[in-house]
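So you can see what is in the structure, the chains are spelled out below.
There are 2 protein chains.
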Amino acid sequence: MNEAEIVARARELFSDRIGDDAAVVGEQVITTDLLVEDVDFTRAIPLQFVARKSLAVNLSDLAAMGATPSHAVVALGLPEWVNVEAFLVALADAAKEHAIEIVGGDLSRAEKFTIAITAIGRAERPLLRSGAKPGDRIYLSRPIGGSATGLFLLQNGWPLDGERATSYAQRELAVSAMRRNVDPEPEIALGIALAKVKEVTACIDVSDGLSTDLHHLCDASNCGAEIERERIPIFSDLLSEGPKLGVRVQDVVLHGGEEFALLFTSSLRESELSARLGRPVYAIGRMTRDRAVMLREDGVPRVLEARGFDHFV
Amino acid sequence: MNEAEIVARARELFSDRIGDDAAVVGEQVITTDLLVEDVDFTRAIPLQFVARKSLAVNLSDLAAMGATPSHAVVALGLPEWVNVEAFLVALADAAKEHAIEIVGGDLSRAEKFTIAITAIGRAERPLLRSGAKPGDRIYLSRPIGGSATGLFLLQNGWPLDGERATSYAQRELAVSAMRRNVDPEPEIALGIALAKVKEVTACIDVSDGLSTDLHHLCDASNCGAEIERERIPIFSDLLSEGPKLGVRVQDVVLHGGEEFALLFTSSLRESELSARLGRPVYAIGRMTRDRAVMLREDGVPRVLEARGFDHFV
Numbered sequence: 000m001n002e003a004e005i006v007a008r009a010r011e012l013f014s015d016r017i018g019d020d021a022a023v024v025g026e027q028v029i030t031t032d033l034l035v036e037d038v039d040f041t042r043a044i045p046l047q048f049v050a051r052k053s054l055a056v057n058l059s060d061l062a063a064m065g066a067t068p069s070h071a072v073v074a075l076g077l078p079e080w081v082n083v084e085a086f087l088v089a090l091a092d093a094a095k096e097h098a099i100e101i102v103g104g105d106l107s108r109a110e111k112f113t114i115a116i117t118a119i120g121r122a123e124r125p126l127l128r129s130g131a132k133p134g135d136r137i138y139l140s141r142p143i144g145g146s147a148t149g150l151f152l153l154q155n156g157w158p159l160d161g162e163r164a165t166s167y168a169q170r171e172l173a174v175s176a177m178r179r180n181v182d183p184e185p186e187i188a189l190g191i192a193l194a195k196v197k198e199v200t201a202c203i204d205v206s207d208g209l210s211t212d213l214h215h216l217c218d219a220s221n222c223g224a225e226i227e228r229e230r231i232p233i234f235s236d237l238l239s240e241g242p243k244l245g246v247r248v249q250d251v252v253l254h255g256g257e258e259f260a261l262l263f264t265s266s267l268r269e270s271e272l273s274a275r276l277g278r279p280v281y282a283i284g285r286m287t288r289d290r291a292v293m294l295r296e297d298g299v300p301r302v303l304e305a306r307g308f309d310h311f312v
Numbered sequence: 000m001n002e003a004e005i006v007a008r009a010r011e012l013f014s015d016r017i018g019d020d021a022a023v024v025g026e027q028v029i030t031t032d033l034l035v036e037d038v039d040f041t042r043a044i045p046l047q048f049v050a051r052k053s054l055a056v057n058l059s060d061l062a063a064m065g066a067t068p069s070h071a072v073v074a075l076g077l078p079e080w081v082n083v084e085a086f087l088v089a090l091a092d093a094a095k096e097h098a099i100e101i102v103g104g105d106l107s108r109a110e111k112f113t114i115a116i117t118a119i120g121r122a123e124r125p126l127l128r129s130g131a132k133p134g135d136r137i138y139l140s141r142p143i144g145g146s147a148t149g150l151f152l153l154q155n156g157w158p159l160d161g162e163r164a165t166s167y168a169q170r171e172l173a174v175s176a177m178r179r180n181v182d183p184e185p186e187i188a189l190g191i192a193l194a195k196v197k198e199v200t201a202c203i204d205v206s207d208g209l210s211t212d213l214h215h216l217c218d219a220s221n222c223g224a225e226i227e228r229e230r231i232p233i234f235s236d237l238l239s240e241g242p243k244l245g246v247r248v249q250d251v252v253l254h255g256g257e258e259f260a261l262l263f264t265s266s267l268r269e270s271e272l273s274a275r276l277g278r279p280v281y282a283i284g285r286m287t288r289d290r291a292v293m294l295r296e297d298g299v300p301r302v303l304e305a306r307g308f309d310h311f312v
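Here the protein sequences line up with chains A and B, keeping their order.
Each residue of the first sequence is one higher than the last, beginning at 0 in numbering that gives the first Met the number 0.
Each residue of the second sequence is one higher than the last, beginning at 0 in numbering that gives the first Met the number 0.
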């Protein structure tokens with residue numbers, strides 16, 4: 000079974016609450032994420048970033064639901080090599096930064112460092128993946144492509160300080176992209192703001208990649224989509240400097256995961272929605288009645304396949 | 000750091016809600032448990048038991064708090080060998096049996112099968128570890144020693160059907176003890192009933208072993224305890240048949256973990272409390288003002304050390 004098939008089976012067996020970024024139970028919103036060494040991170044990543052990211056991925060799920068985070072529990076599978084004190088201190092800092100209280104947890108030995116966090120928030124009007132309507136505009140909250148670029152560099156042995164770069168611009172890109180990957184910023188404030196705008200109809204966070212997450216949103220809303228390549232906001236300097244670093248820009252933008260930008264839909268136009276939110280958001284296309292997911296480039300539409308991340312493919 | 004030191008540090012850094020079997024937030028009670036292959040179970044254990052136990056350990060934590068389980072989320076780290084369908088079906092059955100709804104989850108690849116469940120319940124009067132008073136009677140909910148006996152047999156290669164036994168009585172013990180280990184029964188109904196008896200002052204589940212969990216309870220309540228060896232209820236046939244199977248009976252009874260019996264305190268006497276609960280419970284000693292934890296055997300008291308399970312020793 001691939002990831003989508005397992006989720007579909009779990010939905011059949013367990014609950015039709017399954018399938019969004021987080022589960023809604025009354026006014027509570029609950030999400031859980033598991034990070035495993037050598038799958039989701041390596042020992043080369045400083046522990047404070049691992050701690051921050053393990054919380055951030057959960058907070059991004061709550062953000063996608065428009066929820067205000069309140070508390071979390073943390074289960075750790077600890078191998079000998081982990082400096083527990085350093086991890087706990089970094090996690091406490093991250094929790095404080097995001098005003099979330101870690102109220103409990105569990106400890107176990109493990110060969111690979113394993114972090115399972117469950118975060119709970121509150122939302123009066125939770126944002127679901129299923130609310131988009133044909134004609135709604137499709138939005139991204141911020142430029143994307145940085146996280147997958149950073150991962151590519153890290154996997155190629157780049158140091159976090161970008162010392163291998165041959166120009167200032169390259170180094171700027173490398174450092175900011177690697178930072179985006181190892182220390183992602185969940186869009187908590189934006190998610191809360193979006194939930195207050197009744198014309199915002201659906202939301203998901205870009206964790207698996209724009210193409211795959213747009214498919215998720217279309218599947219849940221029983222719509223299609225057409226987005227425009229030229230309107231997708233791209234991580235700073237990626238277009239100009241990415242190719243020199245060996246980055247396939249089109250791929251990381253369309254399919255790169257772990258962006259934790261929000262992808263959402265609204266009947267409002269870009270200028271009005273940005274004004275209501277007091278910050279820029281980026282309209283990249285429209286939901287369609289037809290179930291196809293299309294990418295228009297140089298005026299020519301083609302099918303956009305879900306080629307983002309799947310743990311099981 | 001050992002387990003107690005990590006918990007103490009987490010309590011300092013995160014929240015003074017940490018330290019009970021589950022965390023209390025308003026009327027909600029939240030607990031999380033992580034099970035890892037080759038630490039908490041092996042591939043030799045049928046998957047349906049792994050599924051049931053992964054939920055049961057959480058439900059036992061809720062039981063220790065006197066909470067009624069309501070919902071849970073499940074994060075899975077899946078290696079290739081796991082039959083996901085079989086696991087999910089068994090988990091769904093266990094959830095139905097205990098009337099708990101699994102509302103969400105997360106999936107990841109992992110080398111070792113990893114199961115992190117967070118369960119949420121509700122309690123009007125949560126039972127804490129910290130409420131015991133000097134003079135309170137100390138109770139066990141049921142005979143103990145079975146789970147550690149079962150683990151001992153499994154680790155020695157016994158099949159779950161007990162085929163290696165040389166007598167009927169041995170086989171009865173072996174089968175029931177292994178079953179107790181691989182398919183433990185959380186004391187959910189009892190926990191809920193205890194929370195309604197205002198004279199019940201503190202509670203914990205016996206997950207680390209009687210000696211260690213009694214120390215936890217004494218530490219939290221700032222009391223000591225004296226229990227009587229002869230009053231501890233012992234798993235059926237363990238005294239007579241255990242030694243023939245190579246089981247060190249005194250050790251498994253005093254220090255064997257994963258019993259998931261409840262250990263609790265009350266000012267009520269055994270006959271009255273059993274009558275109020277409509278089922279037997281077993282008074283095994285008294286809380287004391289003195290901070291020492293003592294075991295009285297043949298009339299002679301000696302110090303009872305915490306020699307139960309610690310993942311980090």
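Treat the hints with care, since some could be wrong.
Copies of one chain are not kept apart here, so a pair can be met inside one copy or by any two copies together.
[Claimed, not checked] Using 20 angstroms as the maximum straight-line C-alpha spacing, the simulated SDA-like pairs for lysine to any residue come out as follows:
1) Lys-243 / Gly-161
2) Lys-132 / Asp-182
3) Lys-95 / His-310
4) Lys-95 / Ile-17
5) Lys-197 / Glu-225
6) Lys-132 / Ala-164
7) Lys-95 / Thr-67
For the record, the hints were derived by calculation from the structure and aren't laboratory data.
Do the hints match the structure? See the list:
no.	hint	result
1	Lys-243 / Gly-161	within (14 angstroms within a copy, 66 angstroms between copies)
2	Lys-132 / Asp-182	neither (34 angstroms within a copy, 47 angstroms between copies)
3	Lys-95 / His-310	neither (31 angstroms within a copy, 28 angstroms between copies)
4	Lys-95 / Ile-17	between (29 angstroms within a copy, 16 angstroms between copies)
5	Lys-197 / Glu-225	neither (23 angstroms within a copy, 62 angstroms between copies)
6	Lys-132 / Ala-164	neither (45 angstroms within a copy, 66 angstroms between copies)
7	Lys-95 / Thr-67	within (14 angstroms within a copy, 30 angstroms between copies)
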